[in-house]
Amino acid sequence: MSILRKSLAGISTAIALTAINPAQAENGISTRTPDALEQMVRQDCGSCHGLTFKGGLGSPLLPENLAAYSVEDLAQIILEGLPGTAMPPWRAIVTRDEATWMARYLKTGEPE
Amino acid sequence: MMRTAFSARISFAPFRATRNLFVAGGILLLAACANTLPARGTADLATIIARATGEVAILDTSTRQFTGIVDGLGDLSHASIVYSRDGRFAFVFGRDGGLTKVDILQHRIVDRTLQAGNSIGGAISQDGRLVAVANYEPGGVRVFDSETLELLADIPATIDGSSDRSKVIGLVDAPGNRFIFSLWDSGEIWIADFSTGNEPKISRYKDIGTQPYDALITSDGRYYIAGLFGEDGMALLDLWHPENGVRRILDHYGMGEERLPVYKMPHLEGWAIAGKRAFVPAIGRHEVLVIDTENWQKIGRIPVHGQPVFVMAHPDNRHVWVNFSVPDYDTVQIIDTENLAIVGELKPGTGVLHMEFSPRGDQIWLSVRDNNKVVGYNPYTLQPIAELPLPSPSGIFMSDRAGRIGL
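Chain order of the listed sequences is A and B. Start counting the first sequence at 1; every next residue gets the next number (the working numbering). Start counting the second sequence at 1001; every next residue gets the next number (the working numbering).
These are calculated hints, taken from the structure and not from any lab test. All figures in this text were calculated on a predicted structure; none of them were measured in a lab. Accuracy of the hints is not assured; some may be wrong.
As the list claims (entries may be wrong) - Below, simulated EDC-like cross-link-like pairs (lysine to aspartate or glutamate); rule was C-alpha separation at most 20 angstroms, straight line:
id: 1; chain 1: B; residue 1: 1373; chain 2: A; residue 2: 72
id: 2; chain 1: B; residue 1: 1347; chain 2: B; residue 2: 1336
id: 3; chain 1: B; residue 1: 1264; chain 2: A; residue 2: 80
id: 4; chain 1: B; residue 1: 1298; chain 2: B; residue 2: 1251
id: 5; chain 1: B; residue 1: 1264; chain 2: A; residue 2: 72
id: 6; chain 1: B; residue 1: 1201; chain 2: B; residue 2: 1243
As the list claims (entries may be wrong) - Just a sample of chain B residues kept apart from chain A, beta carbon distances all over 12 angstroms, derived:
id: 7; residue: 1043
id: 8; residue: 1175
id: 9; residue: 1240
Backbone N, C-alpha and C fix where the C-beta goes; we use that ideal spot for every residue, glycine too.
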C-alpha cells in the first residue's frame, strides 16, 4: 500500500523532471554552474574516459591527447557524438555553451 | 612490547596466587595485542567504493554504521570488488590497474600491485586461489595468487595472432576454475581454464558480434551472456555445452534502427532473474525488457523513468529495482515481477550509481554520488533506515558475494 502511494507521487515528479531537462538544452540556456559542469565532466564523462581522463572504454582526454582538436571541434563532438563509437550525442541534455565550457576545461584544465 | 611487560610482571610477582592472576591477565592482554580483531563474522559487512578519493568504506549492515575507511587505493572510477572465499578480504580493482587486497576486519591494505595501466574489473576463481583482472591497457587478463598477489599467468588479448590487443570486458568466474571474458575490439569470447594448474587452457569463440561491452554469468554458472554495443542482440555461451559454440539471442535487443544516445553503458552483472523471467536494461531506451530464460525470447517491455543502468532483483525475487543514467539518476524505480507494474519510486538524491541488497533482502543500500551519501532503506516499507556520509560513493559490495558464482 505504502509502496503504491509513493509510486503515484513519484511518477508525477518524474514526468515534470524529464520534461524540463531536454527543453533547457534545446533552448541553449545553461542552467549548470561551473561547479556542476566540472562535476559532470569528471564524473559522468569520467564513467567512460576515467575520472583522471586517462581513458577507459572511451579514449583518454588529457590535454596532450586533445592537442589536435580545437575547442570548437571538441564541443561539436560532445554535442553530436562520434558515429560508430560509443560516444553519444549529448545535445539533448547539454547546451552548446556548456559543451564549449567542457571542451575548454578538458583542453586546458582552465575553462575560463 | 606487551610481551616484555608481561614477563617483567611475572618476575616481580611475590606470591604464586598473585602471579597466577597476572598470568591470566597477561594472556588476555597478549591475546588482544597479537590479534586486534574483534571476534565477529563478515557476513553482514559490505564494502563501498568512494570513487573520487580512492577510498573503500566498510559498512556494518547490522549496526548500520561504517566500521572503517581504507584509503590509498588509487583511481577508483569504475572500480569493483570481489571477496576471498572466507569473506574476510576484499580484492579491489581500480581503473588505474591497481589490484588491492583489503582486510575488511582490520581495515587495512594487506597487499597492493599496479598490475596494468588501465583496468575494468576482475573475478576470483571457484576455489578462491586465483584473482583475475581484465585490462584495457595492455589488453588482456592477468591472474594472481590470491594469497600473495604474485603474478601467475598473463593472457594477452591478441587479435588474429598480431601484436594488436583488444580491451577486455565482462570477466567472470565460472564453475571448474574457469574465467570467461570478452574482447571489445575483436568481438570474441574466451575461456581460460585453470582446472589443471596455473597454465590455462584457452578456448576462443570468434565472431560473436560487434563491440561486446559487458557480460554476465547466470547465478548457476551455466550461461555466459555478452551484450553487444555495435549491433543488436546478445551473445550466449552455454557452459554445459561449450562445444555448441556461441549463439545469438534477443535479435531485437539493442538500439534498433533509431539509434538513441546511450549516456552510460548499462551494467549486466546485476541482471535480475526472477523465476524464469530475466529483467534486462534496454540500451538507450527508457525500458526494462522482460526475457523468458527458457527460450531467451523477449516477452515484454516495461516503460521506466530513464535509461536503466542496473536492474537488480530483490533476494525474494518479488521485485526488481532499477536505477538510471545521467540525467535521470536521481530516481530509483521498483517493478513487481509478477504483474510487471512499477509499484514504487524513490528519489534519494542526485547520482544514484549503485544498489545492493543485504543477503536476505531486509535492507537495500544505495550510493548517491553527488550528495556524498550512502542511504539504506527497508525495501518493503521504503522507509530510510540510515544515511551515512561518504564522498562520491559508487559500487556497494556485500561480502556474501564471497559465496556466489560470477560475483
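Verification of the supplied hints:
1. Distance hint between residue 1373 of chain B and residue 72 of chain A is unfulfilled; the C-alpha atoms sit about 36 angstroms from each other, more than 20 angstroms.
2. Taken as a hint, the residue 1347 of chain B and residue 1336 of chain B pair is honoured in the structure, with Cα atoms around 18 angstroms apart against an allowance of 20 angstroms.
3. With a C-alpha separation of about 16 angstroms, the suggested pairing of residue 1264 of chain B with residue 80 of chain A holds against the 20 angstroms cut-off.
4. The suggested pairing of residue 1298 of chain B with residue 1251 of chain B holds, with an alpha-carbon distance near 9 angstroms, which does not exceed 20 angstroms.
5. Restraint check: the Cα-Cα separation between residue 1264 of chain B and residue 72 of chain A comes to about 24 angstroms, which exceeds 20 angstroms; the hinted pair is violated.
6. With a C-alpha separation of about 15 angstroms, the suggested pair residue 1201 of chain B and residue 1243 of chain B falls inside the 20 angstroms cut-off, and the hint holds.
7. At roughly 28 angstroms from the closest C-beta of chain A, the C-beta of residue 1043 of chain B stays outside 12 angstroms, upholding its exclusion from the interface.
8. No beta-carbon of chain A is positioned within 12 angstroms of the beta-carbon of residue 1175 of chain B; the least distance is around 28 angstroms.
9. No Cβ of chain A approaches the Cβ of residue 1240 of chain B within 12 angstroms, the least distance being about 31 angstroms, so the stated non-interface status holds.
When the structure is compared with the earlier hints, violations turn up for hints 1, 5 and for no others.
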